[in-house]
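**Q** Those sequence lines, one after another, are chains A, B and C. Residue numbering for the first sequence follows the working numbering, starting at 1 and increasing by one per position. Residue numbering for the second sequence follows the working numbering, starting at 232 and increasing by one per position. Residue numbering for the third sequence follows the working numbering, starting at 529 and increasing by one per position.
These are calculated hints, taken from the structure and not from any lab test. A few of these clues could be false.
What the hints assert, rightly or not - Computed cross-link-like contacts, DSBU-like style, restricted to lysine-lysine with a CA-CA straight-line distance of at most 30 Å:
#1 Lys640/C x Lys245/B
#2 Lys537/C x Lys524/B
#3 Lys290/B x Lys231/A
#4 Lys618/C x Lys245/B
#5 Lys61/A x Lys30/A
Keep in mind that this is a model prediction, so the values were computed, not measured.
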Amino acid sequence: MKLKHIIFILIGLSFLSSRLQAQPAEQLIKQVRERLDQVVDYEAEGTMKTNVSFLKIPVSKITMYYKKPNKLRLKNASGFSFLPKGAVNINMNQLVQNENYTIIDAGKETLNGVATRVVKLFPLSDEDEIVLSTLYIDPTNLVILKSKTTTKENGSFELEMKYGKYIKMALPDKINFSFHTKDYKLPKGITFDFDDGKNGKVTKKNPSKGTAEISISSYKLNKGVSDLMFK
Amino acid sequence: MWGLLNIELYKIAKRPRTYIAFAAIAAIVLIFQFAFKADGQSYMDLMLQNIQDNFELDKNLAINGYFMCYLILNTLLVQVPILVALVAGDSISGEANMGTLRLILTRPVSRSELLWAKFMAAAIFTIVLLIWMAFLSLLVSTWIFGIDDMLIFRVKGDESQILQIAADDVLWRYVAAFAYAAIALMVIASLSILLSVYAENSIGPIVATVCIVVFLTIVSNINVPVIDKNVKPWLFTTYMVGWKGFFYIGTDAEGMPIKGSVENWASIRNSITILLAHIVLFFGWAQFTFRRKDILS
Amino acid sequence: MELAIKAEKLNKSYRNFQAVNNLSFTVNRGDVYGFLGQNGAGKSTTIRMLLSLISPDNGSVAYWGKSLHDHRIETLSGIGAIIEKPDLYKYLSAEDNLRIFARMNGMKLTDKEVLFHLDRVGLADRKKSNVGSFSQGMKQRLGIAVSLVHDPKIIILDEPTNGLDPQGIADMRNLILSLNKDHGKTIVVSSHLLNEIEMVANRMIIIHKGSSVVEGKVSELLDPAQTLVKLNTINPEKTSSVLERFTAMVSFTFAEDHFRLIMNRNRVPELIQHLVSEDISILSVQPKHSLEDYFIQLTQND
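Using the sequences and the accompanying hints, generate a full structural model.
**A** What follows is the structure in structure tokens.
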């Protein structure tokens, strides 16, 4: 039996259980999508703080550009910065815009004191970059609080969003992006480093996990964003 | 003393071999700059390794003047001791070889002042050489490659790290690094002078200095716990690359670099102390020997 | 007589080799003091001790009654020296060399002074030339200019004629005499050739194996009344009978093929006249100093 078949059986099972929910998951997704649909484009200013054990890099000022239906681009305001590649998938719209998903209700879960609905999305097409996405949706405000996504190429990552002023447009103030990184190891002897005798044991944070905390200070909504920004 | 120093500087300035050092540095730096202008990306790719799977980075901006200078210094400061030895190693033995030493010492000149003048002249030569290096590797590089934040690729123990230093936090580090390099090279100069006091030909002390530096550098890079603990801390070669300490930016608990900070001041202070102690040891020894030396050349 | 240099019981050994052994001598002001010895006799070591280039194992050197060891800088400022060949900075010009060494004596030369000093040794027109391009003789002359630039009271010359051509040797001799007579300099000059010393020095010391063999006035050491004359004639018997008649003037022995006469150097021409008037055919007459013989003997014994 193929793995895919097992997954379908599992999906089938969870599908059954979702039937018992007050509001069907499809409905919820539709509502969330409608919220998101209000935004045609935006240009957001903010900062990004990257936490990866081997990267000692400062908080960078960033600008985030979005244009419907699925263009999203993170740029640093000046100079260069290490920008997490999966950041493209911060784009929730991409997820909910697309109708080619099997939507499965995965129950309820309390997240930071908020009762959320858990919804899993499976792309129908084999070509989709996303393999599986789990969304934690605040049913009252109709915003996504958290998502877990597994991709084919970029590994899996997690998004946690906090909303403030822009909650009506379903745009978060804070995005916490967690992702898996590969171990970074420079070839020995390439750097001729200065050994200050403090090598011993370095307390490693989880070396294979990194986070990027994006704090948005302002959005310029629906003012038009040039396509050049996404090149 | 000032008169003697003047004379020494004049002699250094008049010798063709002095300019070999400047030409050599210019050649190396220009080759580096040309190579990186042509194909710096592949070096970046090598240093970034698999990070590019997870992150995107504007490599063109990362290969900037500050980054280039660090890279050039990393390579050059291994070679500069040879250039310093070329001048300092010749200071006494070269005069002995030429026959001018006995002429100088029949003049009303104190031997210790003469040696001081030689040492100071070597120091000034080293500093001018470093200024030349700074001009080429920092000023010219920033002119060619621009200015931006600086990336430091570092191996710390078993860990590899990438540090990013804000552009406006870099310059003072270079000033400090060059000053540190001057002290480190003064160790080489005083070692060369010490060997020079014992020799009567120019080549001997120069070659001997280079051999000692190479040998000790190899020992400094052997990774055996016994040597790490008992030998390395006492070798001056261990501290030759200590200038990098100024670029190991301090970080807060979350791993964010703190502007204007250095990870380990104590280690830098310790390095400088040990280097200075070596200068005092080598030069003091040279003085002791030279003052008692019979001039037979 | 004012004492210029006093060396007392100088000793110096290198490992097992005693280079200078209990050597004492004095140089008076106004002397041209000859330092004679074969190569390796300890001349150079002694001269270097006089200049504090080498420190004696024991013994002392004093100039004008002051210890060299205790007043080194002060003493050296009154001394000019050339040790062996005067090696100068080859990559610098004659002028630069002169200025550098003047500077070490605390002097800053004016352009006029530079010209004066170079002109004195005939190098004014080579002022800007690199010393590397100079002939040995020119280097020697520049070396002299350098050693005189600070107008020293005492000049010490170690083998100053080494490597010079005959003209250079004659020039050097004249210079030494002129410095002594015209400028009142006290001069110490070393050589391994007696006649060089004889021609310039008023006092001398002969050292051998690091020790003094004889010291004194040249006029006394090379007393003309005791000159050895080698005489070679065609008819020795007749010569012998003629010589018998002049015993007041000459004592003689015959050895191998020649006579060895001891007589006053000044009366050699007179004797020759007598021999000629007696029809004696003279092959050669060579007046020699007994000192030279002695010196040659020393040399040959090694």
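**Q** It remains to establish, for every hint, whether it holds in the given structure.
**A** Hints, verified against the model:
1. Between the alpha carbons of Lys640/C and Lys245/B the distance comes to roughly 23 Å, so the proposed pair stays at or under 30 Å and holds.
2. At most 30 Å may separate the alpha-carbon atoms for a hinted pair to count; Lys537/C and Lys524/B meet this at roughly 21 Å.
3. Restraint check for Lys290/B and Lys231/A: satisfied, since their Cα atoms lie roughly 16 Å apart, inside the 30 Å limit.
4. Simply put, Lys618/C and Lys245/B have alpha-carbon atoms about 11 Å apart, close enough for the 30 Å limit, and the pair holds.
5. For the proposed pair Lys61/A and Lys30/A, the alpha carbon gap of about 34 Å is over 30 Å, so the pair is violated.
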